[in-house]
Every structure is written in structure tokens, then in C-alpha cells.
Amino acid sequence: DTGVSQDPRHKITKRGQNVTFRCDPISEHNRLYWYRQTLGQGPEFLTYFQNEAQLEKSRLLSDRFSAERPKGSFSTLEIQRTEQGDSAMYLCASSLDRVLSPLHFGNGTRLTVT
Amino acid sequence: AQSVTQPDIHITVSEGASLELRCNYSYGATPYLFWYVQSPGQGLQLLLKYFSGDTLVQGIKGFEAEFKRSQSSFNLRKPSVHWSDAAEYFCAVAERNSGYSTLTFGKGTMLLVSP
Chain A
1 DTGVSQDPRH KITKRGQNVT FRCDPISEHN RLYWYRQTLG QGPEFLTYFQ
51 NEAQLEKSRL LSDRFSAERP KGSFSTLEIQ RTEQGDSAMY LCASSLDRVL
101 SPLHFGNGTR LTVT
Chain B
115 AQSVTQPDIH ITVSEGASLE LRCNYSYGAT PYLFWYVQSP GQGLQLLLKY
165 FSGDTLVQGI KGFEAEFKRS QSSFNLRKPS VHWSDAAEYF CAVAERNSGY
215 STLTFGKGTM LLVSP
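These protein sequence lines map, in sequence, to chains A and B.
Here the first sequence is numbered in my numbering, starting from 1 and rising by one per residue.
Here the second sequence is numbered in my numbering, starting from 115 and rising by one per residue.
Please keep in mind that the hints were generated in silico from the structure rather than gathered at the bench.
Careful, some of the hints might be misleading.
Derived lysine-lysine pairs resembling DSS-like cross-links, with alpha carbons at most 27 Å apart [stated by the list, open to error]:
#: 1; chain 1: B; residue 1: K175; chain 2: B; residue 2: K221
#: 2; chain 1: B; residue 1: K182; chain 2: B; residue 2: K221
#: 3; chain 1: A; residue 1: K57; chain 2: A; residue 2: K11
#: 4; chain 1: A; residue 1: K57; chain 2: A; residue 2: K71
#: 5; chain 1: A; residue 1: K11; chain 2: B; residue 2: K221
#: 6; chain 1: B; residue 1: K175; chain 2: B; residue 2: K163
#: 7; chain 1: A; residue 1: K57; chain 2: B; residue 2: K221
#: 8; chain 1: A; residue 1: K71; chain 2: A; residue 2: K11
#: 9; chain 1: A; residue 1: K57; chain 2: B; residue 2: K175
Remember, predicted model here, so these are calculated numbers, not experimental data.
Bound conformation, chain B alone:
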């Protein structure tokens, strides 16, 4: 089975500063990768996904992510963080063993935004 690692449990960023959340995957072939965001008490919302093609993908809310095969990474970025971005962020990979029907999630990174 594939796996996803999010090395940072918590990250604190000042409002207006740039953000990068790390995600590393383990999979030999091209993975199908996702970033989801979860606000307190809410379900997960899809931010963006990578299937193939352009390695820089744009998502909602001003987020983008870059797929780097050489580093097995799919890091999430935002140039200027807003206080409303404070939430937990999950990277996920579609499981080949299930015909890509199910997702394996990382443990998440909690983003705190300071004034």
C-alpha cells in the first residue's frame, strides 16, 4: 500500500506571510495526490489534486502545490496566509490496490496563524 508522510505536526505562520506544508509519498509509479483542509468541527474539503501533466497545480482559496517526482514530494503553498486559513491540512494518495477508489491520508499538519 502507498503511504503519505507529513513531517510537520504543527506550523505557525504570521498573517500575510508565505506558507509551505510538506508532504512526501511512497509509491513507485506516478501517484494520484490530493490536499484536503479540515476546519474545526467540519468535514474535509478538497483544495487541489494532481493526476498528471503540469506539476504545478492550482487549487481553491489561493493554494497551489508542486509535484516533484525526484523528491517524492507534493508540497502545498500559499503566498500570503489569511487568519481564516487556520485549520488542519491533510495530504492523501489514491490507493492503487483499490483501483484508486480509496484514499490514504497523512497524519495532518495543523496550521496556526498569528496576528
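Same shape as in the complex, but just chain A:
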């Protein structure tokens, strides 16, 4: 169990650029989640996958955001035309495919949009 891995740890980009983050879950975990955390707030749910199927998306996930998990293993989160309000910590988590199975979080990708 190597834990949930996220890459990169930090990303600085200029407004209007596109960015992509990667998450590698714990290998036997079928579920993968993306959360966003801004300063002074708790993590907010964005979306989650069960295997390769994206089962739920938050209304926070605007049309500039897209997430994929093409083979049911790693996942990518892309933000197009970044805005300063996108600056946040993006957290990935994974869990077993059981109701109320605990989430295991990665260390996050901190995005700064200048």
C-alpha cells in the first residue's frame, strides 16, 4: 500500500492557461474522488468515479473542469482557461467499493493562478 499519489505537488499558472493534475489511487481501490480545498474551508466534493465511470459531479464542477479515469486506475483533472478563483488545493482520495468505506487522501496539488 503506497498510498494515494498526486502529481504535481504545486502548480503555478497564468490566468487563461489550461492545467492538468494526476492522481494514482491505492491499487485495489475502485472508487476515486476529487475534492477542492480553499483557504479557511474544508474540502468540497467535486466528483467521483467507480472504476472508469464518473458517477457524480458537484455543481462546483463548472464546464471548464473535466475529470477522467480512462482505465479505472489513475485519474486526471483538467481545468481549462484557469481563473484566479481556481486557486486552491486539489485533493484526490480513493476507497474500496463499499458503502461508507473510509477515504484515503493524497497530499494534494496546490494550484496558484496568477
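Could you slot chain B onto chain A? The hints should help.
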């Protein structure tokens, strides 16, 4: 949707003193509740969870939490705080609308430990 309130943004506790972090939830039925801890630059780590049964639950690192339905609370406690406990603590509830697949977090309480 359910919600979670953590009334204290910051708490400072002397090392060796006891700790209680407050969490209140809003949900009509029995909620599924969690406490997570986040150290600087790290992801969140699960401390403990409450699903049903005994209202006093034990977690890792010497933490415990008590579910009180009458007060809609799930407060986190530790009898003697260590300097390494300094971190941010989040209470969370599993969202019924998502089949309990997603969590709604409170805004967190930052714990500072003084010597």
C-alpha cells in the same frame, strides 16, 4: 443536503492539557460522522468514525469522540495533547443524497499547542 458546523476556527491548548473540538451536524436521521486530521502540506487522515451503536468511539492517536443525538453533536476529545497534535481537524458527514458515497466537511478547527 446535510451540513456540519465547527464553531471554533482556532483553539490553543497547552501541551499535556485536555482537548475538546466541537462539531454539530444537521440531519434528521442518524448521521454517519467522521473526524479527519490534516497536518501542514499533507492530505487528510481519518481519526475515527461513527456509524451506529456505542456512542463513544475510539480512534487513532488517543482520540475519541462522542455522538450525542440530543445535541446534534459529535465532539472530538483527547485527554492529554502532545505537540505533534498541532494540525487542522475536520468533522465530516456522509451525504445521504449520494448514497453515502461522498462527504461534506466542516470548515475545520486549527489546533495550536503551546509549550
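Right, here's what the structure says about each hint:
no.: 1; hint: B:K175 x B:K221; verdict: holds, 22 Å
no.: 2; hint: B:K182 x B:K221; verdict: holds, 20 Å
no.: 3; hint: A:K57 x A:K11; verdict: holds, 24 Å
no.: 4; hint: A:K57 x A:K71; verdict: holds, 19 Å
no.: 5; hint: A:K11 x B:K221; verdict: holds, 24 Å
no.: 6; hint: B:K175 x B:K163; verdict: holds, 14 Å
no.: 7; hint: A:K57 x B:K221; verdict: holds, 21 Å
no.: 8; hint: A:K71 x A:K11; verdict: holds, 25 Å
no.: 9; hint: A:K57 x B:K175; verdict: violated, 34 Å
Going through the hint list in order, the structure does not satisfy hint 9, though it satisfies all others.
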